[in-house]
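Student: Listed below, chain by chain, are the residues.
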Amino acid sequence: MSRPRPVFVVGTGRCGSTLVSTLMREHPEVLSISELFSFVTDLGSLIPRAFPAEPLSGREFWSVMADPSPRLNQLLRAGLRMGEIVYPFGSGRYRVDGGVPTVSMTMLPHIDDDPDGLFDALAAAMQARGVASAAEHYRGMFELLMRRYDRRTWVERSGGSLRIIRRLVDAFPEARFVHLVRDGRNTAISMSQHVGFRMALIGYALLEFLGVDPWESDDRSEIDDLTDDLAGLLPENFTAEAFADYDISPSLCGHYWSGEIKRGLAVLREVPAERRMTLRYEDLLLRPRASLERLGAALGLGPVDRAWIDKSLRRIGRGRSSWQALAEAEQRELQDACAPGFAALAAEGIRWPDQCGH
Amino acid sequence: MSAATVANEQATRYVLLLRMLCPPRHVFTGATGLVGSATVLEILKTDPDARVLGLVRPGSEGAQQRFVATLERGARLYGLGGSLDQAIHSRCEAVAADVHEPRCGVDALPPEWRGAEMWHCAAALQFHDRFRAKVMRTNVEGTANVVGLAKELGVGVLNFVSTAYVAGTRRGLIREEPVLENDGFSTNNHYERSKVIAERMVRESGIPARILRPSIVIGHSRTYGTLNFNGLYGFMRGVWKFRRMMARTQADLMNTLEVRLIADPDGELDLIPVDFVARDALGLSRAGADPGVYHLASVARRPTQRTLGLIFESLGLRWPTFVDTREELTWIDRKLDAGVRVYNAYVVGAKYFDRTETDRHLERPAGADYELTDEHLLGFYQWYIDQDLAHRTRKVTE
Numbered sequence: 001m002s003r004p005r006p007v008f009v010v011g012t013g014r015c016g017s018t019l020v021s022t023l024m025r026e027h028p029e030v031l032s033i034s035e036l037f038s039f040v041t042d043l044g045s046l047i048p049r050a051f052p053a054e055p056l057s058g059r060e061f062w063s064v065m066a067d068p069s070p071r072l073n074q075l076l077r078a079g080l081r082m083g084e085i086v087y088p089f090g091s092g093r094y095r096v097d098g099g100v101p102t103v104s105m106t107m108l109p110h111i112d113d114d115p116d117g118l119f120d121a122l123a124a125a126m127q128a129r130g131v132a133s134a135a136e137h138y139r140g141m142f143e144l145l146m147r148r149y150d151r152r153t154w155v156e157r158s159g160g161s162l163r164i165i166r167r168l169v170d171a172f173p174e175a176r177f178v179h180l181v182r183d184g185r186n187t188a189i190s191m192s193q194h195v196g197f198r199m200a201l202i203g204y205a206l207l208e209f210l211g212v213d214p215w216e217s218d219d220r221s222e223i224d225d226l227t228d229d230l231a232g233l234l235p236e237n238f239t240a241e242a243f244a245d246y247d248i249s250p251s252l253c254g255h256y257w258s259g260e261i262k263r264g265l266a267v268l269r270e271v272p273a274e275r276r277m278t279l280r281y282e283d284l285l286l287r288p289r290a291s292l293e294r295l296g297a298a299l300g301l302g303p304v305d306r307a308w309i310d311k312s313l314r315r316i317g318r319g320r321s322s323w324q325a326l327a328e329a330e331q332r333e334l335q336d337a338c339a340p341g342f343a344a345l346a347a348e349g350i351r352w353p354d355q356c357g358h
Numbered sequence: 001m002s003a004a005t006v007a008n009e010q011a012t013r014y015v016l017l018l019r020m021l022c023p024p025r026h027v028f029t030g031a032t033g034l035v036g037s038a039t040v041l042e043i044l045k046t047d048p049d050a051r052v053l054g055l056v057r058p059g060s061e062g063a064q065q066r067f068v069a070t071l072e073r074g075a076r077l078y079g080l081g082g083s084l085d086q087a088i089h090s091r092c093e094a095v096a097a098d099v100h101e102p103r104c105g106v107d108a109l110p111p112e113w114r115g116a117e118m119w120h121c122a123a124a125l126q127f128h129d130r131f132r133a134k135v136m137r138t139n140v141e142g143t144a145n146v147v148g149l150a151k152e153l154g155v156g157v158l159n160f161v162s163t164a165y166v167a168g169t170r171r172g173l174i175r176e177e178p179v180l181e182n183d184g185f186s187t188n189n190h191y192e193r194s195k196v197i198a199e200r201m202v203r204e205s206g207i208p209a210r211i212l213r214p215s216i217v218i219g220h221s222r223t224y225g226t227l228n229f230n231g232l233y234g235f236m237r238g239v240w241k242f243r244r245m246m247a248r249t250q251a252d253l254m255n256t257l258e259v260r261l262i263a264d265p266d267g268e269l270d271l272i273p274v275d276f277v278a279r280d281a282l283g284l285s286r287a288g289a290d291p292g293v294y295h296l297a298s299v300a301r302r303p304t305q306r307t308l309g310l311i312f313e314s315l316g317l318r319w320p321t322f323v324d325t326r327e328e329l330t331w332i333d334r335k336l337d338a339g340v341r342v343y344n345a346y347v348v349g350a351k352y353f354d355r356t357e358t359d360r361h362l363e364r365p366a367g368a369d370y371e372l373t374d375e376h377l378l379g380f381y382q383w384y385i386d387q388d389l390a391h392r393t394r395k396v397t398e
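Chains as they are written, first to last, in this note's numbering: chain V, 1 to 358; chain L, 1 to 398.
Careful, some of the hints might be misleading.
Claimed, not checked - Computed from the model, here is a short list of chain V residues facing chain L with C-beta under 8 Å:
no., residue
1, E60
2, A205
3, F209
4, S221
5, D224
6, T227
7, A231
8, P235
9, S249
10, S251
11, L252
12, E333
As the list claims (entries may be wrong) - Just the calculated beta-carbon pair ranges, DEER-fashion:
no., chain 1, residue 1, chain 2, residue 2, range
13, L, H391, V, D228, 24 to 30 Å
14, L, D129, V, A325, 32 to 38 Å
15, L, G81, V, G98, 54 to 60 Å
16, V, R166, L, G184, 39 to 45 Å
17, L, Y352, V, E348, 54 to 60 Å
18, L, E258, V, R93, 50 to 56 Å
19, L, R326, V, S322, 24 to 30 Å
20, V, A325, L, V323, 24 to 30 Å
21, L, E258, V, S217, 30 to 36 Å
22, V, S217, L, D107, 49 to 55 Å
23, V, R318, L, T169, 52 to 58 Å
24, L, G379, V, D67, 44 to 50 Å
No lab work stands behind these hints: they were computed from the structure.
All of these numbers come straight from a predicted model, not from anything done at the bench.
Here a beta-carbon is modelled for each residue, glycine too, at the ideal position from N, C-alpha and C.
All chains should be built: construct the whole structure from the sequences, respecting the hints.
Tutor: Quick look at the structure:
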């Protein structure tokens with residue numbers, strides 16, 4: 001029997017993909033990898049570090065996996081914890097103020113109730129590896145985990161992974177891709193309130209206005225150009241209050257959503273049609289059984305596991321965020337911002353009610 | 001040879017001897033800044049006897065090295081090449097100083113500098129609110145320290161470089177007269193406020209003082225070069241950084257999006273090339289202009305809409321729509337506004353800076369025949385993009 005192809009569940013983020021990781025975790029034959037790429041890239045800010053052009057040793061690769069991500073740890077120290085971070089801070093060996101290894105934030109506790117034990121085992125195995133490309137190291141790590149937990153395939157899902165879709169397609173040409181999409185307007189509202197997305201967008205603003213990544217460089221020569229609200233978010237000034245006060249609108253996130261959708265679709269079209277599928281989050285909520293059938297089939301494991309579907313049905317709840325609750329002017333801005341993304345999806349036959357009506 | 005001719009020749013020889021023995025001396029603060037360095041270069045270029053003393057923060061290089069390097073760089077940026085290098089090395093000296101210290105941190109100056117002409121050009125130009133204390137310290141306390149030193153030196157005259165924008169929220173014709181602090185108008189930001197206070201301190205110091213008020217100082221009229229990137233360049237940089245920030249959100253977003261900007265659509269931007277500021281300032285000095293206020297402005301007035309439109313175009317953006325109030329801005333417009341709001345004084349509330357007093361003392365104002373065309377404007381913009389912004393792009397590409 002040929003080996004099943006690995007699967008990436010990709011999306012803009014805040015599109016319901018965390019739920020998909022939860023469902024994958026329930027599947028007896030699937031190793032569910034959650035938030036690996038969003039976290040090793042430190043919320044999409046250190047992409048070249050996670051996908052270096054040159055081969056690297058196992059020790060170097062493990063450093064990318066394990067070194068604490070500056071943005072994520074900054075948030076934790078300020079008491080801003082994303083729901084996706086499931087490390088057991090009370091019982092585990094790491095403390096917020098000491099820095100938490102990147103893979104320990106979500107990926108390892110998502111797989112094992114003893115993430116520290118798994119960390120040690122993985123560290124020993126990965127650091128012993130020789131020089132290889134990053135993609136080979138990733139494959140090696142996933143295969144090691146599949147053997148350890150007796151799974152047939154792996155499914156990686158990271159919030160906002162369309163940001164790195166080019167890297168994923170190039171590094172894993174054999175993979176299948178499940179593109180999860182959600183109404184851009186509700187996605188954008190959710191992004192604008194989400195700690196991780198807010199931090200990523202703040203990071204982009206700091207990078208451009210300061211001229212360097214302030215978490216990677218001490219250079220403050222362009223600090224005069226920072227607005228006062230951004231200056232309050234430099235690592236040396238960072239507070240939860242300044243973070244909460246920084247104004248990020250749904251419309252900005254709507255533009256981000258449109259950009260990611262356009263970029264993502266352009267790359268996903270390069271993947272053979274039989275190895276990609278698009279799933280609407282709203283369908284997963286409204287027609288869960290049919291959606292789970294499609295999702296299960298996309299795993300390429302043969303007949304879809306009925307017990308997994310039944311178990312998964314109990315996990316699926318109702319969606320939140322309703323863009324209609326925004327003030328009229330904000331709705332209009334959000335509609336305009338999402339229009340390019342909707343248009344790109346409509347070209348693929350994917351639509352939402354009222355997506356252009358304003 | 002007539003007796004009169006002989007007398008004239010003797011008088012000329014006497015003046016030359018006097019200038020050799022007792023050359024014109026100028027003491028500068030801010031001599032490594034834009035206006036200060038341009039004025040020093042103008043002095044060196046036009047007066048072969050003049051000596052210049054820079055009160056310079058030493059930084060890591062040391063005061064003398066920093067002073068000389070800045071002047072050499074400025075000369076090259078302003079199309080003078082190495083022609084002033086010898087003058088810079090032989091007629092300029094620097095003393096480590098800091099305007100934040102009493103007497104600018106200077107222990108004692110050689111006696112020959114007593115009675116010199118002093119130029120106070122040092123200033124902090126940080127507009128965001130968090131720099132309020134720092135700007136007040138440099139521009140107000142610093143000026144107090146400079147005034148104290150000037151008194152000790154017994155300077156002949158103090159030229160204080162202020163800004164035309166001490167006018168604050170006043171509109172229409174702005175005359176060359178002291179700003180009254182209780183006439184119902186306010187300043188737009190703490191920078192303007194600091195200059196209003198500093199002007200008063202200089203006026204009340206008892207030292208004969210010329211208050212020089214440039215408008216928006218841009219690069220050299222012919223080469224477009226500039227030593228630093230404040231004012232109009234700060235506005236450009238704010239727009240450019242905003243564009244790049246938005247591109248990280250969606251790569252091609254700003255190619256199509258039209259933003260709104262708060263500005264007077266019928267207003268004019270008052271720009272003045274730095275070489276004109278230097279020439280007119282020195283012209284006032286040489287003419288022995290009375291103590292008073294002098295506008296170094298109204299040389300190159302350009303419609304605000306077109307001037308800003310061309311900035312946006314140069315940076316690959318669509319021309320903005322001008323609006324009157326923040327209520328008309330979308331969220332994206334507000335983010336742009338937040339980055340460039342500190343320059344509102346330039347674009348909101350049309351002002352015309354009267355320069356009757358300045359022109360009265362000048363044989364010929366430096367910008368008398370100057371016309372700032374679209375071509376020139378685009379030249380200034382492109383120079384800045386090539387010399388600064390393009391390098392910043394490389395710095396943050398990853």
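Student: Next, verify each hint and record whether it holds.
Tutor: Going through the hints against the structure:
1. E60: violated, 18 Å
2. A205: holds, 5 Å
3. F209: holds, 5 Å
4. S221: violated, 10 Å
5. D224: holds, 5 Å
6. T227: Hint holds; T227(V) Cβ to chain L Cβ min 5 Å, cut 8 Å.
7. A231: holds, 6 Å
8. P235: violated, 16 Å
9. S249: S249(V) check passes; min Cβ-Cβ to chain L is 4 Å, inside 8 Å.
10. S251: holds, 5 Å
11. L252: Holds - the Cβ of L252(V) comes within 8 Å of chain L, reaching about 6 Å at its closest.
12. E333: Interface hint status for E333(V): holds (5 Å vs cutoff 8 Å).
13. H391(L) to D228(V): 24 to 30 Å: With Cβ atoms ~26 Å apart, the hint holds.
14. D129(L) to A325(V): 32 to 38 Å: holds, 33 Å
15. G81(L) to G98(V): 54 to 60 Å: Since G81(L) and G98(V) have Cβ atoms about 58 Å apart, the given range 54 to 60 Å holds.
16. R166(V) to G184(L): 39 to 45 Å: Since the Cβ atoms of R166(V) and G184(L) sit about 60 Å apart, the hinted range of 39 to 45 Å is violated.
17. Y352(L) to E348(V): 54 to 60 Å: For Y352(L) and E348(V) the Cβ distance comes to about 58 Å; the hint holds.
18. E258(L) to R93(V): 50 to 56 Å: holds, 54 Å
19. R326(L) to S322(V): 24 to 30 Å: Because 28 Å falls inside the window, the suggested range holds.
20. A325(V) to V323(L): 24 to 30 Å: About 27 Å separates the Cβ atoms of A325(V) and V323(L), which means 24 to 30 Å holds.
21. E258(L) to S217(V): 30 to 36 Å: Hint holds: Cβ distance 34 Å, inside 30 to 36 Å.
22. S217(V) to D107(L): 49 to 55 Å: violated, 38 Å
23. R318(V) to T169(L): 52 to 58 Å: Roughly 53 Å apart at Cβ, these two residues keep to the hinted range, so it holds.
24. G379(L) to D67(V): 44 to 50 Å: holds, 48 Å
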